[in-house]
Amino acid sequence: MRLRPFDFRLLARRALAILFLLSAAMPGMVLAAPPALAVEADEMLADPALEARARSLSAQFRCLVCQNESIDESNAELAHDLRVLIREQVRAGRSDAEIRDFLTARYGQFVLLKPRFGTETLLLWLGPFLILAIGAGMIGFTLRRRRSAVALGAPLSEAERAELERLDPG
Amino acid sequence: MFGQRLLLLRYLLMLAETGFFALLLALAMAILLSASPLAWSASDDRQMMALTRPLMLAMSSFTVIAFAMLTACYVLSDFSVATVAENSHSAIPLIFKVTGVWGNHEGSMLLWALILAIFGALVARFGDGLPPRLQARVLSVQGLIAAAFLAFIVFTSNPFLRLDPAPAEGQDLNPVLQDIGLAIHPPLLYLGYVGFSVAFAFAVAALIEGRIDASFARFVRPWTLLAWSFLTVGIAMGSYWAYYVLGWGGFWFWDPVENASLMPWLAGTALVHSTLVMEKRDALKVWTLLLAILTFSLSLLGTFLVRSGVLTSVHAFASDPARGIFILAILTFFIGGSLTLFALRAGELKPGGLFAPISREGALVLNNLLLASAAAAVLIGTLYPLALEALTSDKISVGPPYFNATVLPLLAPLLFALPFGQSLAWKRGDLLGAAQRLLTAFGLAILVAVALRIAHGGGPVLAPFGAGLGVFLILGSLTEIVTRSLPAGASSGLLTAKLVLKRAAGLPRQAYGSALAHAGLGLTVIGIAATAWHAETITLMRVGEARNVGGYSLTLTRLSPQQGPNYRETAASFSIAEAGVPIGEVVSTKRIYTVRGTPTTQVGLMTKDFGQIYASLGDSEPDGRVGVRLYWKPLVLFIWLGAVAMALGGALSLSDRRLRLGLPVRTRIAEAIPPAAPAE
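Chains as they are written, first to last, in my numbering: chain C, 1 to 170; chain V, 1 to 680.
Chain V on its own, in the form it takes in the complex (with noise of 0.2 Å):
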């Protein structure tokens, strides 16, 4: 009865007919929007100019519309819908059904359009501060994008289309989709790669105008960090899920995919610390505008590898040459017109101020230079085979031996110059002082170093190298904060521990955003670094038998078939003890899905100290044994944390007063007088 009802409210309601339309008037918005300039650009017609934040607004508000349309199909499970019927399933939990809304190319490509269309409603909500004529070029040059996004989607991936007779049931969402960790890991990227769009869209129009100064990385900087924030966790999000779901517990495989990612977060990356130099130096502008369309650039291409549906299905591509023929456009418009407009206007914009090589903007040079070789490098491997395949026929593969012997060499330099760039001043830095100042924070590295390297008796000198190099990263960064924190001349005691306090208090949450970044990636370094000690045991294993594996004791204490919502699985059980002490049990799983007929396996995890025990189950031979991997990754948990805390650095500078947009800026007075110093 209460299903009947449903039924009927969905043909009432016509949600998909609705969602169609919403995206026709979005795409309709956009086209108007990225038109506007027409009306404007020539006779500077401040109120025509205005109307691009309603038009923007209109814009976001249909794709909203459009996406809780068909987020609405997916959730009643109506599978008239083409896109519900092939990607969802009436008995998946409700987070499954929402989350399928994106595991699929049609609606991937439409969340993609909706966080486009959320960041230029922000930009048009919050750009006041910015100059008229800046902002309806950017909102224009969003629109654009937007326009030629929503094409796509009306055009060629529709996900709107109606099944007629819709069937029964739905074919069930990819089972490896059907994860927490990969449900919510698009989104996140998404989030990056899309809010690298404002930083493209303030590009262009710099170009256009002609005119660009100090003030463009103010406006530039804050959508940056929040893009850069959202990819670093959408990274590590995607690293934690192949980690417990390839059932081998490798976290980064220099795979295509993963470097459509990592490309992007190099450059923008560069992008974050550039503007930093532009802000406060005036320097670096002509560079930060490249950068700025190049990690755009990089997104769209990542983008389009990931999820065009070139991936998820290479016979549906070539089945639909539209779509691939649409995305090359797309590609070629934006990149090539975008670059063709730098080399056209840059010879005309004046360059920034000058600099000295031993000073922070100095320090930031090398840091960008480094950087961007290294997004180079992932982009050659990444693409070297297939421009040989092109020209020669000649096949060959680029795997991760080749990234590792090229992009560690080069990030390598970079970590160990960190914490000395951070500590030299902007200007004329003194390095020798910031040598002096993080003699501790270096000492107790190599201590660590040297310590690792003999209780581990030999090894690989890499390891402890690295770990070396982590720790100097996070006290490196706790230096800057002391030291920022201690007044100039030294008086004693109480007074001089609370002066400390307050001095602390009062440093910028930039300061602190910068230092915990900084740290995360240290972290991150050592936890890579520790892989190198992980243990390993692939063995067959009876019930009751036990295996060793880094100082753990595991006993197969049972096998046993359970059944789930929509899948069967086997369940192994291990119970753990530490030098014959019981510390817990851990189960593993083997997953069949049954409307699709996919494995997957669930592995047992058990946290320790920052480290993890993994046990992952094979297949079973025909006399009662099964196939086991057991792990011990000591510190592994610190490559994710790294990367939270990275975010988090993120966002705590973008909290700083100083960044947020639409506040008056009072720094510029108090910037302006210098403090009394005494005369000389």
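Isolated chain C (complex conformation) (with noise of 0.2 Å):
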């Protein structure tokens, strides 16, 4: 069996790709934005109620070909016809988890701007809470033992003691 020599380009080009995906994901601000015109007028239904929840809606889910923009802010054509798309839904009467689960069927988790807790997110939801309690812990632990070593006494050095012996012998 010949094993393949380790491969530093490989390594070079994976880290590039990371990089690169941490680029895609970045919508710069500096990038030229044309001008965003989200919802249209055309767009909009006439119950002010379902409309409201329709554009509540649309801000929980990504424009796919975009940089980190919800379908509610962005004027891709895609976002446009994802807009009507769940306004048609709205209309129709189905609740907003159908409508979730509908666009998470057609476009995967990627769709939700909100990704739902699972084995997957775990650490994402869980991470700044587990950072919390672990300061508080650290902050807990510091203060009690630095009391407890305070109330004790520090133990003395070597030279302390000897001091110590020296001064009062027996």
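What the hints contain is simulated information worked out from the structure, not anything from laboratory work.
Keep in mind the model is a prediction, meaning the values are calculated, not measured.
Glycine included, every Cβ here is placed at the ideal spot set by N, Cα and C.
Be careful, since some hints might not be right.
[Claimed, not checked] Covered stretches of chain C (chain V as the covering partner; in silico rule of three or more C-beta atoms under 8 Å from a C-beta of chain V):
#	region
1	40-53
2	81-93
3	119-129
4	132-143
[Claimed, not checked] Over 12 Å on every C-beta distance to chain V, these chain C residues come out as not near it, computed from the model:
#	residue
5	Ala59
6	Phe102
7	Ala159
8	Glu165
9	Arg166
10	Asp168
Starting from the two chains in their separate frames, assemble the complex, guided by the hints.
Rendered as structure tokens:
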């Protein structure tokens, strides 16, 4: 069996790919942003209550061809189609959860701007609060240890003990 | 004739070559500076140590010369220089010729290096009060950072490359950048990012020297405050830019680029407060060191996420892997290296003093805990999708709903606790006493929240809560100043009033700075809460028609094409009336920049009682109607005015005599002798 030599170029390419993805996910504010006009007047529903629901729903879905924009903010063709689609579903009496399931089934989890809580997103959702808990625990621990250290008095060093011995033999 | 003479001048001066040569000299100085500890570290040679200062000043001067040469190339429209040809045009206004210098990857990296050099020079020039060994160490660490960035510019991002043959005209500056708000946003942001490098250099120097005491905080705090103030204004600037450019009035998008600047801001805010604890109470020493390292690490991460060429042009990045590898190397070296150093040396540092949980320092520990957790939430949310995709190739999106659900619950308790913490004394605070002092502020805040809830007849609960919180922050800061001005024993009438004023005038500027910054935070919170009450009208209009938004009536009076120096535009004028009475006019335009063919919108804004009427123009319909978006945004200016107040608070605190470096520390003596107290 021949082992493949370790491929540094592959490693470099992987690293680059990660940076590249990083960049793809970052919509530069510095990029030429065409005037985003988002939801347009002729798309809107006549019923204000239904329209409000449609607006709040479309703020939760990612425009798949844009960089980090919701379909409510984007003026891409696809975002327009999805806004119309959502309004059709809202008018047909579907619930928010049903519409969310429908879009997720069609476009995958990627379409959700608020990722679902699950095994894959466990650290995402719990991470910040885990850090808070660990930090609080460490502060509590340090406080208690320092206080008991002060209460007991720090143990004497060899030199201090020798000095004590000299001053008070016996 | 004049043009030809100018052309001749350009070639005679060889601006680009001079600039590149200066850049090489700066790099050489930076390398010498970072290698200088070899000459004095072991021998403790004072004379060699003192050499770091002229070295740093020389490095800074050469960087300034390089930047000046590049700016001259832009101002003179020397299109034989590649970056000038790609990012400038002879017809754009002078101001955008200058700001075009950093409107691209190469120039923006040079700006970064320039600001680093300026901070280095300031430490060399004004660091007289520092122990010589510490100063030399700090300067050599800053030299190392400069060497890395200058090498990056020289080897992968040279802004001085010539084109042959030179094009007759440039390709114009990115139209989005032809806006004064965005033009001055990067320098402000970089002043923040790069300013934190000083705290980083101090932390690394302290770790190498293995010594840290309260004086460390006194040295680091002014630099941190300065950087923090600039970063605050820089972020606010970017936010206001997004607000008036994107055409629908959002001010924060939890966009990775914004997050990149928010993370160092949150960490830097924590650092500003932890250095305070360290200075006053000799506590939190090890944590402050770590925080200084983390803050600059997040700044480095932010710099590269925003302006590495990775973002501005994906293709340019993919076709030039040298740049990416270099970036990765710099990030790994500085973040990994400093954290390793911390892990190795932190255990040997003597931990700081003891403190009670209910005290000013206890409150500041809570501040640090919550701010650090919030920064972690932003970091996790920004990098998680990338990590997940790299590991499992599953793609997820992390958007505003995630950040609202994680960052806000971490920051809300902080805002609520802030006035209490501010009111607690050092060492041993009296929470009940603080609560009593804050009773009026708290009562008024609740009153405001309830009144708002009733006035708006329900709606989101969070908005009146947020507004009440903001009021509490402002009144809490005011209470703090008033309480500190009141004399201990109550006497009567005019005498007391005079005494109070005298005491108020005698309060340190730091007290006013802190109160102003916290009140500014309250202002921002109110502005954000008020966005819940904005009014929106999205519609199609003909000339002569009127639409209502939030109690105002806007009539489309005119639609006319116009010609600018380097763009064409359609301008829509709206006349605004309140209850039938005309109150003014706004103009909203849609522009096409002719060289690049890129469209942008200029929204029409009218400010009224800190709120704004906001009109933006959309596409024209075949039937002559145009799409418009009209908004009434009450108190929206509070968001950015609050940020400006925060930065001014930082500056005021900075001007406090006790914080100025190089001045004799008089207060030490005053503190050592306790004021005469009645015998107990």
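### Task
Just pull the numbers of the violated hints for me, sorted ascending.
2, 5
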